[in-house]
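Each chain, letter by letter, is given below.
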Amino acid sequence: MSKLSWVWFHRLASPPYFYRLAGRLAPWCGWTAAACLAAGLYGGLWYAPADYQQGDGFRIIYIHVPSAWLSMSCYTLVALSAGVGLVWRMKLAHAVAAAAAPIGASFTFLALITGSLWGKPMWGTYWVWDARLTSELILLFLYFGYMALSRSYEDPRSGERAGAVLALVGLVNVPIIHYSVVWWNTLHQGPTVFVGSGSDISAAMLVPLLIMIAGFTLFFAACLLKRIQGEILERERDAGWAREMVERT
Amino acid sequence: MSSWHEFLTMGGYAAYVWPAYGIAALVLSVNAVLPGRRLRRQLAELKRKRGGGAQP
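Protein chains in written order, with our numbering: chain A, 3 to 251; chain B, 126 to 181.
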């Protein structure tokens, strides 16, 4: 890496700098997310044609797939940033992991619930213990485990480190979820959206889905930035910059 | 969709599609509200502590 990008990286890792940056970025993410969600909902619930097999029941895809995508990508973010915090003792990295975990857990819950409501009319059951559903449920418990463990020590630093180890070990579950429909014979349908090699659903159905995925991701970013601000303030409440900031307002 | 009726009944899947979207709206709203509220509470707390120390 060049010298300039190292300087930038160091500045980014400084809590007061990131606190202000997050405060400025969050509204932009939030408003773009709102625009994407509005367009995606119109496209998904009204414009897209009914599925030839599943009728209008398939429209649950527009919230199910974005939440499932976020449940896994957010877990990867939690594990990797907690790992960075563990190895390089970087305060901001632990703050990012702690901020992302509750949002990721909520999207995992949403993916499970919407999947269940989709499964009932299509498979005839709300729940089966197949590989995809079970591994996604394990993901929810991994989030809970990380959140509980990282707060269960008297010294918050030891808690963060223990949580980071758990989060990193749990990372093996993410590829298991992703490939579960390929590796095992599951009730859950195979992947519909392929990056690069083309998808097997029509554009009128696919475009709203991609817009919804973008909307959910931007929404996640906005929530994450706000939560990181909270985590930074929690850890830095006795620091000089926090005191100055409060006194100035 | 060609009519409001078709939209509201979701071609017979209303009992599954609308609850799914309702729960999604709820989860997203909670996520949107909680972080800002926590931050405001923390800032107020910090301000109260600093301000409280300065007063007689």
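Bear in mind the hints are in silico, worked out from the structure with no lab data behind them.
Backbone N, C-alpha and C fix where the C-beta goes; we use that ideal spot for every residue, glycine too.
Incorrect hints may appear among the rest.
What the hints assert, rightly or not - Only pairs whose alpha carbons sit at most 35 Å apart, straight line, appear in this in silico DSBU-like list of lysine-lysine:
| id | chain 1 | residue 1 | chain 2 | residue 2 |
| --- | --- | --- | --- | --- |
| 1 | A | Lys93 | B | Lys174 |
| 2 | A | Lys122 | A | Lys5 |
| 3 | A | Lys122 | B | Lys172 |
Claimed, not checked - A partial selection of chain A residues facing chain B, derived with a Cβ cut-off under 7 Å:
| id | residue |
| --- | --- |
| 4 | Pro177 |
| 5 | Ile178 |
| 6 | Ile215 |
| 7 | Thr219 |
Unchecked claim - Covered by chain B, per the in silico footprint, the following chain A stretches (three or more residues, Cβ under 8 Å):
| id | stretch |
| --- | --- |
| 8 | 105-115 |
| 9 | 141-154 |
| 10 | 227-234 |
Results of checking the hints against the structure:
Restraint check for Lys93 (chain A) and Lys174 (chain B): satisfied, since their Cα atoms lie roughly 24 Å apart, inside the 35 Å limit. Restraint check for Lys122 (chain A) and Lys5 (chain A): the C-alpha separation of about 56 Å exceeds 35 Å, so the hint is violated. Our distance criterion of 35 Å between C-alpha atoms is broken by Lys122 (chain A) and Lys172 (chain B), whose separation comes to about 51 Å. Interface hint status for Pro177 (chain A): violated, as the beta-carbon distance to the closest one in chain B is roughly 25 Å, over 7 Å.
The criterion of a C-beta within 7 Å of any C-beta in chain B is not met by Ile178 (chain A), whose closest approach is roughly 24 Å, and the hint is violated. Contact between Ile215 (chain A) and chain B, as hinted, is not supported at the beta carbon level, the nearest pair being about 14 Å apart and thus beyond 7 Å. A cut of 7 Å between beta carbons decides the hint on Thr219 (chain A): the least distance to chain B is about 13 Å, and the hint is violated. Only residues whose beta carbon comes within less than 8 Å of a beta carbon in chain B count, and the stretch 105-115 of chain A has 6; three or more means the coverage holds.
Restraint check on the stretch 141-154 of chain A versus chain B: 0 residues with Cβ-Cβ distances below 8 Å, three needed, restraint violated. For the stretch 227-234 of chain A, the assignment as covered by chain B holds, since 4 residues bring a beta-carbon within under 8 Å of that chain's beta-carbons and 3 suffice.
Of the numbered hints given earlier, the model fails hints 2, 3, 4, 5, 6, 7, 9; all others are met.
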